[in-house]
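Asks: Sequence:
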Amino acid sequence: MTTEPSPVPESIPAAVYQSQRVVTIEQRPLAEPTPAQVVVEVSHCGICGSDLHLIDEGWGQSGDVLGHEWSGIVRSVGDAAVAFKPGDRVIGVDSPTCGVCAACVAKKPSQCEDREPTTGHFDGAFATHVLADATTLLHIPDGLGLREAALAEPLAVALHAITRSGIEQGNSAIVFGAGPIGALIAAVLIRDGHQVTVVEPAEQRQELARGLGATAVMRPEDLPSFDMSQVDTLAEDAVHVVFECSGRRNAMESGFQQLRRGGVLVLVGTGIDRPRFDPNRMILLELTVCGAFIYDADGFETALELLRSGSLRTDLLIDQAEYDLTGVAEAVDKLVRGEHSGKVMITPGGVRE
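Numbering (the numbering used here), first residue to last: 180 to 532.
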């Protein structure tokens, strides 16, 4: 395992967003850490759905270095960052909270009133090194690899969505969309013994869902239809919980229709189309529609321990393809075209275990 301290360069290569589908490699200065900061050499950084949309659809701000699902090795520490030392293996915690608002005091970081992203208009981890506040880092437990640890952030998102659903033992679920978040939700639910149906149009991701052990896998058009003339009519095989992870209007509306009495629809995927739900159906069947955003207070720690346990199929959840910094745009293009099923990792530098 490569954990020895190494010299920290004055400048580093980074994949920089310029405009829609244009990402260039630039040398960026790397500042010395302040007393409370740490320099980390990046090992792996996953491509998040937000990175995908920013690059492919041109939502980004020119000059941004994206990437927030990352792991790496500490190379230099400020005098006050006493929790870390060179050689430590760490992950970055995206979107640190203010810690003082009512939501933070109540340990609900997803509702923080003054949450600040660590990347976006800051330099992210599509670079060989990251300069990070020590408070935004967590140690990787022994027995967990750097590659797998980079999955902690999306897994924390998935765990929060499951928490929001209130799903109970013996409950059934449908997951719309088997992208990284949907696949992780399905994987955790299957691990916990739930009957899970995955709805996914892409064949590669259908195969991923089957590999995870989904009870059923189907295309959106194969969902059973039923007479909606009566608002309290139930779908055949209606379920307790639906997780909508695609952000598509038709999936949100279809998911709403698949709920049994007292069911819960959890909206995880974001999109620009606005769904229409029948409020009378919601009232008569006592349905709940809720959103799920980022993480639980202990989400990253829980995710790391779950990954360390080896109970999730990370060999399926993480795509076998890896790209260096020069391949960020290519990786995004292939993801858009559906050529990858699992989480795609960028490997910016020479860190290996």
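In short, the hints are calculated from the structure, not lab data. Just so it is clear, CB atoms sit at the ideal spot from N, CA and C, and this is done for glycine as well. Each hint should be verified, as a subset may be incorrect.
With beta-carbon atoms standing in for the labels, derived distance ranges [claimed, not checked]: (1) Q197 x G517: 33 to 43 Å; (2) P403 x Q206: 53 to 63 Å; (3) R516 x E484: 47 to 57 Å; (4) A259 x K513: 37 to 47 Å; (5) Q206 x G349: 52 to 62 Å; (6) C469 x S198: 34 to 44 Å.
Derived SDA-like pairs: lysine to any residue, alpha-carbon spacing no greater than 20 Å straight-line [said to hold, decoys possible]: (7) K513 x E532; (8) K287 x F479; (9) K286 x F472; (10) K287 x V468.
Asks: Within a Cα-Cα threshold of 20 Å, do K513 and E532 meet the stated pairing?
Replies: Measuring from Cα to Cα gives roughly 27 Å; hence the hint is violated.
Asks: Does F472 lie within 20 Å of K286 when you go C-alpha to C-alpha?
Replies: 14 Å, holds
Asks: Given the hint that K287 pairs with F479, test it: the Cα-Cα distance must not exceed 20 Å.
Replies: 14 Å, holds
Asks: Using the C-beta atoms of P403 and Q206, is the stated range 53 to 63 Å upheld?
Replies: 56 Å, holds
Asks: Cβ-Cβ distance between C469 and S198: within 34 to 44 Å?
Replies: About 36 Å separates the Cβ atoms of C469 and S198, which means 34 to 44 Å holds.
Asks: Measure nothing beyond the straight line between the CA atoms of K287 and V468; if it is 20 Å or shorter, mark the hint as holding.
Replies: This hinted pair holds, its Cα atoms lying about 19 Å apart.
Asks: Could one say that the CB atoms of A259 and K513 fall in the range 37 to 47 Å?
Replies: Check passed, 42 Å falls within 37 to 47 Å.
Asks: Per the hint of 52 to 62 Å, is the separation of the Cβ atoms of Q206 and G349 within bounds?
Replies: Holds: the Cβ-Cβ distance is about 56 Å, inside 52 to 62 Å.
Asks: Is it true that the C-beta distance of Q197 to G517 lies inside 33 to 43 Å, as the hint says?
Replies: 25 Å, violated
Asks: Do the beta carbons of R516 and E484 sit within 47 to 57 Å of each other?
Replies: 35 Å, violated
Hints 1, 3, 7 from the list above are not met by this structure, while the remaining hints are.
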